[in-house]
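There are 4 protein chains.
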Amino acid sequence: MTRIGFLGLGIMGKAMALNLVKAGFEVTVWNRNPSKCADLVAQGAKQADSPKELAANCDISFAMVADPEAALAICLGPDGVAAGIGEGRGYVDMSTVDDSTSQAIAQAITEAGGRFLEAPVSGTKKPAEDGTLVILAAGDKSLYDDALPAFEVMGKMSPYLGEVGQGAKMKLVVNMIMGGMLSIFSEGMALGLKSGLDAQQLSDVLDAGAMANPMFKVKGPMLLAEDYSTSFPLKHMQKDLRLALALGDKLDLALPTAAITNEAFKQARKAGYADEDIAAVYKTVK
Amino acid sequence: MTRIGFLGLGIMGKAMALNLVKAGFEVTVWNRNPSKCADLVAQGAKQADSPKELAANCDISFAMVADPEAALAICLGPDGVAAGIGEGRGYVDMSTVDDSTSQAIAQAITEAGGRFLEAPVSGTKKPAEDGTLVILAAGDKSLYDDALPAFEVMGKMSPYLGEVGQGAKMKLVVNMIMGGMLSIFSEGMALGLKSGLDAQQLSDVLDAGAMANPMFKVKGPMLLAEDYSTSFPLKHMQKDLRLALALGDKLDLALPTAAITNEAFKQARKAGYADEDIAAVYKTVK
Amino acid sequence: MTRIGFLGLGIMGKAMALNLVKAGFEVTVWNRNPSKCADLVAQGAKQADSPKELAANCDISFAMVADPEAALAICLGPDGVAAGIGEGRGYVDMSTVDDSTSQAIAQAITEAGGRFLEAPVSGTKKPAEDGTLVILAAGDKSLYDDALPAFEVMGKMSPYLGEVGQGAKMKLVVNMIMGGMLSIFSEGMALGLKSGLDAQQLSDVLDAGAMANPMFKVKGPMLLAEDYSTSFPLKHMQKDLRLALALGDKLDLALPTAAITNEAFKQARKAGYADEDIAAVYKTVK
Amino acid sequence: MTRIGFLGLGIMGKAMALNLVKAGFEVTVWNRNPSKCADLVAQGAKQADSPKELAANCDISFAMVADPEAALAICLGPDGVAAGIGEGRGYVDMSTVDDSTSQAIAQAITEAGGRFLEAPVSGTKKPAEDGTLVILAAGDKSLYDDALPAFEVMGKMSPYLGEVGQGAKMKLVVNMIMGGMLSIFSEGMALGLKSGLDAQQLSDVLDAGAMANPMFKVKGPMLLAEDYSTSFPLKHMQKDLRLALALGDKLDLALPTAAITNEAFKQARKAGYADEDIAAVYKTVK
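Residue numbers (UniProt numbering), protein chains in the order written: chain V, 1 to 286; chain B, 1 to 286; chain G, 1 to 286; chain R, 1 to 286.
Calculated directly from the structure, the hints in this document are not laboratory data. Be aware that a few hints might be false.
What the hints assert, rightly or not - Calculated cross-link-like contacts (lysine to aspartate or glutamate; reagent style EDC-like; alpha-carbon spacing at most 16 Å): (1) 22/B to 129/B; (2) 194/V to 59/B; (3) 239/R to 252/V; (4) 235/V to 252/R; (5) 235/R to 252/V; (6) 286/G to 249/R; (7) 235/V to 207/V; (8) 270/V to 249/R; (9) 156/B to 252/V.
As the list claims (entries may be wrong) - Sample of chain B residues facing chain G (criterion: CB under 7 Å; computed from the structure): (10) 145; (11) 254; (12) 256; (13) 259; (14) 266; (15) 267.
Every residue gets a Cβ at the ideal spot worked out from N, C-alpha and C, and that includes glycine.
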C-alpha cells in the first residue's frame, strides 16, 4: 500500500488531504503552522515534523501551497523535501507556480534521486472538497502511473500531459480562454442592459443556447448584484493573461483578443479591483 | 381553434411548419417556389396562393424567410401580407432582419389594422427540427399571448422582450458574445497546439471545467479537422458584430473585446472565408 | 472676372470669405443670421437675401456650414442654392458632411443644371485665417479648374481627387491617422510620466526625432497643462473613426489599430469628454 | 584634455568615433575584429589591445556594440573594461541593451571604482555620420558633465535623464510611439489605396497637415515601392513594444493601442518579416 504525504493544509490542501484519508490511504501531513494538522490527525492522518521527514517516510508526497516562494521553501534547504526524498520516491507539486520555479524544483528533486510531477489544478474550494478537480499532470510518467489512484480521489480528470512545463502551459491556455470569455460576457451584459433588455431574460437566453456554461451561470448574478467576493482574484487572472501572451510571443503567435482582454483586466487592476473576483472586470465596462 | 399560416419553407421554415402540423394546428403554407409546399400538404397542411390570401384566412401568420429583402417582399405590395391581414389578425416575422426592416414591416401591418411581433430565433437546423429553438419575441403583447402555444411547439423558450426592436437587440447581444467566445477559443486552441499540447486533451480539459459549453464541443473538432462546412456563415457573424458595435456606439459604450473580435472576423472575410462556417476564424489565427 | 458667392460666415467661413475679398475677388455673402454679414460688407462684399439669390448672381458659390442638416438646408428648398443656380454655374460645398449628404447635394445641383464639387478642408481657425487650409476637392473637373484661383487664396494645397466622395474619403483617412497618432501619443506620455521621465524632456526627445510633428507639439503641452479647450471636438473625431471603420468594413479591410483607437475615443466620450478637445482622450489613459 | 576611448566600430560606432577624432579629441579605439581599426588609426586614433587596456588609459570610454551579450563581454572578464577602469574613470555604454544588462554593467563598473552612464541613442546610420543622434543619458551626473563635450560632437541633443534605467525607459517610450504611428499609418495607407485614392496625393495631404513627420516621408515611399530594405529591423521594434507593455504592466497602466500594435508586429513576424524593415508591418494590413 502506497504511503502518501501531503504538504500544505490551506483551504484547498486540507480538503484534498481529507479526501485521501477518507479514501483509505495512509496519509502523513505537514503544515508550516502545525496546529492546522489537528483535524487531519483526528481523522487518522500522521503528522511529520518537517518536509524532509515527510518525504523520507512516504512513497509519494503531494504539495499544495500558496505561491512560488512557499513551493521553493518546502522543497529546498536542509529541512526540505529534496533533502529527504532519496532514491526513487516521488514528489508531486500541485501548487500553481511559474515555469522557472517548476524547473528549479524538478531539478532539485531529480538531482536528489527522486521522481517529479508538476500537477497544477483547475478548480477552487468546492471541487477540492467534492474531489472533482481537474488535475494537469506533467513530468515523470512512472510517477504519474503510481499517483493515479490518488489523483482519482482528488479529481474528476487527471490527464498526463508530457514533460514538466506542459501542465503549466495547459493551465495558461485554459485561463486565457476563461479571461476572454469573461471579458466578452461583461461587454455583452453591459450592452444588453444599456439596450433596455432584462438581465434575467438575457441570462436565461444565454443559458438556453449553445454558449451556456457554468461560469456565466455563476458570474452573471454576481455582476448584477455587484457582488465581487473573490473566488479567483482578478490580479491572478491578469498575471495568467500576461504569461499566456508571453508564451504566444515566444511561439510567434499573434493573440489580439487575448491582448485586449489583458488590457481590460489591467484597466480593472488600475481602477483598484486587483483583489476582487475576476467578475469585477465588468465594473470598467458598464 | 387558431388557424395558423406559415410563409417560407426553407430548411428552417419547413421544419418549424411541420412541427406545427404534427402538433395538431390547422396550418396553411405558402412558399415563393410553390413546389416546396408538397411535403407539408401531404402531412395535412393547406396551401395558399399568395401571402395576402394566407394572411386573410389565418388568425396568426408566421414568416421565416432568408433576408430583409424577402421579408419586405412578402409583406408589402398588392399580394403581400399587409394587404390581406385586416383588423386584429396577427403577423409574426421570425426572419432575422435589421432594425429598419423590422420597423417598416411593423408599420405596414399596424396601419393595415393587424398586430405585429418580431421573433428572430437563436438556433439552426437541428433545434428547428427538434422544436428547441430560442425565440426572441417583441412587439404586440396580446399577439404574443395568442402565439404562445405555437411558440411552445417550435421552441424551448420564447420570452416576451418588450417593444419591437428588443428581439433584434437580444439577438445581437447573444451573437456578439458568441463571436467573442469563438475568437478567444481559436486563440487558445492555436496557443495550446503550438505549445505542444494534445488537441484532444485540451478539449477534454475545457469540457471538464467551468467554461464547458456546447459550442466549444461542436466547433473544437471542426477546427482540428479543418472542416468548415457552414452552419452559421462567417460573414453573417461579422455583420452581427458590426451591428452590435454600432448599437454600443449609439449607447456610448466602449466594447474593445467585441471590436477586436470584429476585426478578427473581418480578417477572415478578407482572407476569403466569408461563406464558410464561423469556425473558420481559426484559420487566420493558427 | 469671376463673381464669387460665400454662404456661411461662422469662424471658418468668415475668415475664408475675408481672404477672398482681400485678394480682390468680387464677393457676395449670405448668412442665416444676416447680422454676421456686416464685417464682410464693410470690407467691400455684397450681401444676398437668400442662398437662391446668391447662387443666381454668382459664377461660383462656396458654402462652409456647421453640419449636414445646415448643408442640406441651404441647398434644397424654394430659397436654396439649387433653386437659383441654373445652367453651368458652380457650387462648391466645403462643409464636412457624410457621404449620403454629399451625394444628395450633388444630385440636386446637377439636376438643376449646375456643376458641383465637394471640398472639405483639413485645418481649423488659424489656417483658415492664414489661407493655409488643405482643401480636398472632388467632383466636376471643369469647376475645379475654375475654382482653383479661389482655392489658392484659401488654402496652401487643393489637389483634385476625382469623383464626388473621394474628398470625404481622403478626409476620413487623414483623420483616422490623426486619431491613432493621438491615442498612441497619449499612451506614450502616460507611460513616460509614470516611469518618472520628465515631461519636457520627453517632448523634446520626440521633437528631435523622426516622429516630430506639429500635432504633438500642440497637443503635448495641452495634456500636461490639463487644458482641453476645444479646437477639434472629441466627438467629431470619434465619429470620423467610426466612419473610417465602416469604409474599411465595406472594402473588406481589417483595421485593428483604428478599431481600438475608436474604442479609446468612445471610452472618453462615455467619460463625459465629448465636447472637449481630442487631446482629452489622454484623460482616460493616464 | 580628456582622453577618449571608443569600443565597437560597427556601422554606428565607426561613424561616431570618426566624428570624435575629427573634432580634435585624443581617441583610442578597440574592436573585436582589430582590422576594423585601420581607418580610424589612419585618421589619427590610437589602437588598444583589449577593452581593459583601453579603459585603463582613457578618462572616458564609450562603447557601441550590437547586443547585450557583446555589451557584457567587453565589460566583464579579465580583459574587460571593469578590470581596467580603476578609480574615478568613466564608462559610457551607448549600446541598446535591456534593463538587467544595464544594471549588471553599472554594478561591475561601480564596484571597480568607476563611474557609469547608460546612453542609448535614437537614430541610425545617417544621424551617426552627421553627428545628429539623440543621446539618452542616465546614471552618474558628474560623468555626464564630463562627457557632454563628446556627446555634443556625436548628437544634436543629449539630455540627462536621471538614474541608470531612465535612458532605456525613454527609448522604450519613444519606440512605442513610433510603432503605433507606423501601425496606424499602414492602416491609413491601405484604406486610402483601397478607396481609390492616389498614393502620392495621400502622402502630399498628410505632409501638408499637422501630422507631417519625417518618418511618414521616409516610410511612405517604401510601402508603395514594396521596398523593405532594413534600417530598423521589425523584430527589434516588436521586442521594444513587448518591453514597453511589460513596463506598463509593472506600473499598472493599460495601453490598448500599444498592445494591438504589438500584435500587428507579431503578426508580421509570424508572416516571416522579422528581419525586414519595420515598414513591412504594412504587408499584413493591405
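Structure-based check of each hint:
1. 22/B to 129/B: With a Cα-Cα distance of about 12 Å, the restraint between residue 22/B and residue 129/B holds, given a limit of 16 Å.
2. 194/V to 59/B: violated, 35 Å
3. 239/R to 252/V: holds, 12 Å
4. 235/V to 252/R: holds, 11 Å
5. 235/R to 252/V: Holds, at about 11 Å.
6. 286/G to 249/R: holds, 13 Å
7. 235/V to 207/V: violated, 28 Å
8. 270/V to 249/R: OK: residue 270/V and residue 249/R at ~10 Å, within 16 Å.
9. 156/B to 252/V: violated, 45 Å
10. 145: At about 38 Å, which exceeds the 7 Å cut-off, the nearest Cβ of chain G leaves the hint on residue 145/B violated.
11. 254: holds, 4 Å
12. 256: Result: holds, 4 Å to nearest chain G Cβ.
13. 259: Holds, about 4 Å.
14. 266: At 4 Å from the nearest chain G Cβ, residue 266/B passes the 7 Å test, so the hint holds.
15. 267: holds, 4 Å
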